[in-house]
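Chemist: If you read the sequences in order, they're chains A and B. Position 101 (the first sequence) corresponds to 101 in this note's numbering; numbering is contiguous. Position 62 (the second sequence) corresponds to 62 in this note's numbering; numbering is contiguous.
Incomplete in silico selection of chain A near chain B, CB under 7 Å:
1) Ala10
2) Val18
3) Ala21
4) Ala25
Ranges between beta-carbon positions, derived for each pair:
5) A:Ser71 to B:Leu96: 50 to 56 Å
6) B:Pro34 to A:Gly49: 44 to 50 Å
7) B:Leu96 to A:Ile45: 35 to 41 Å
8) A:Tyr26 to B:Leu66: 34 to 40 Å
9) B:Asp11 to A:Cys22: 45 to 51 Å
10) A:Trp44 to B:Leu79: 39 to 45 Å
11) A:Val23 to B:Leu159: 24 to 30 Å
12) A:Ala16 to B:Leu96: 19 to 25 Å
Since the hints were made in silico from the structure, they are not lab data. Even for Gly, the Cβ is constructed at its ideal location relative to N, Cα and C.
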Amino acid sequence: MRLRPLDFVALLAAAAAVAMACVSAYSPKGGEPFVVVTAPGGEWIYPLGEDRELEIEGSLGATRICISGGSVRIESSPCPNQTCVAAGAVSVPGQWLACLPNEVFVRIEGRGAEGGVDAGSF
Amino acid sequence: MREASERRLGDKADVTALLGAFCFFLSAIEYMVPKPLPFMRLGIANLPILLAADLLPLPWFLVLALVKVVGMSVISGSLFSYIALFSLAGTLVAALVMWAARRAGGRLISAVGVSVLGAVSSNAVQVLLARVVVFGEAARLIAPAFLAMGLVTGTLLGLFAEAFAAKSSWYALASSQLAARPGEGRDEP
Numbered sequence: 001m002r003l004r005p006l007d008f009v010a011l012l013a014a015a016a017a018v019a020m021a022c023v024s025a026y027s028p029k030g031g032e033p034f035v036v037v038t039a040p041g042g043e044w045i046y047p048l049g050e051d052r053e054l055e056i057e058g059s060l061g062a063t064r065i066c067i068s069g070g071s072v073r074i075e076s077s078p079c080p081n082q083t084c085v086a087a088g089a090v091s092v093p094g095q096w097l098a099c100l101p102n103e104v105f106v107r108i109e110g111r112g113a114e115g116g117v118d119a120g121s122f
Numbered sequence: 001m002r003e004a005s006e007r008r009l010g011d012k013a014d015v016t017a018l019l020g021a022f023c024f025f026l027s028a029i030e031y032m033v034p035k036p037l038p039f040m041r042l043g044i045a046n047l048p049i050l051l052a053a054d055l056l057p058l059p060w061f062l063v064l065a066l067v068k069v070v071g072m073s074v075i076s077g078s079l080f081s082y083i084a085l086f087s088l089a090g091t092l093v094a095a096l097v098m099w100a101a102r103r104a105g106g107r108l109i110s111a112v113g114v115s116v117l118g119a120v121s122s123n124a125v126q127v128l129l130a131r132v133v134v135f136g137e138a139a140r141l142i143a144p145a146f147l148a149m150g151l152v153t154g155t156l157l158g159l160f161a162e163a164f165a166a167k168s169s170w171y172a173l174a175s176s177q178l179a180a181r182p183g184e185g186r187d188e189p
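Using the sequences and the hints, build the whole thing.
Modeler: This is the structure in structure tokens:
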């Protein structure tokens, strides 16, 4: 049997579809990382690149969150143990901050410094 | 082939029923073959549909596609689950694509091209559906493997169908009878 002209067109079209799927799946999409804040009152998303101060109402009171210079930290919190404030600043997608007593959860999402090293030791 | 001209295959409904039964059988074979991922199939149950693209008018062709979906779902036990939805969407879109390709392509396209188009469009629809129903944004990560699988299995199935159509006296009989008597037989399902 012989392949006919449109067979090659079909094969090429299918191969092109596969190639496009590969590009969309494996190309590192720039996409600026963003900050996702989850609280009892809802969920908010902010770009990590823009500096701003947030007041998020939790179950105990307002948690103050500061996004600045590409990192995010919890500035103050009404919680008793202040673990969230002590956690400091996070800046890489995948990192997060949580205040359990106040039920405020902050995480960074999006693609970015993938494949980077978390920590090094000598 | 000597007495082929005296043998009658019956009308379009009979051919649809026979090919539908064939779908059931191949679904059972398909089900036995281990799959790397739940939705990844060989697609051998599409062989009768591929053959029918030449033989049946669109209404009967779609009936056959539905029979295939039901048969496959019954045999894999997924008739009343969302997996049947995937099967239905993929099969119907693939059936329409294959029928259109077959009829529009005429002599310029063989079963290989028809089969590849059908397989890739079926898998593409299922990926899109998976994006909505199950995986969300992550669906695009499974898309390459899925579409590549469609390309490979579609090509193989097309080669087989082409060889089958060239050799089978039943197929030759069916295509000559169904083509020769377009007005005869029950035309609407």
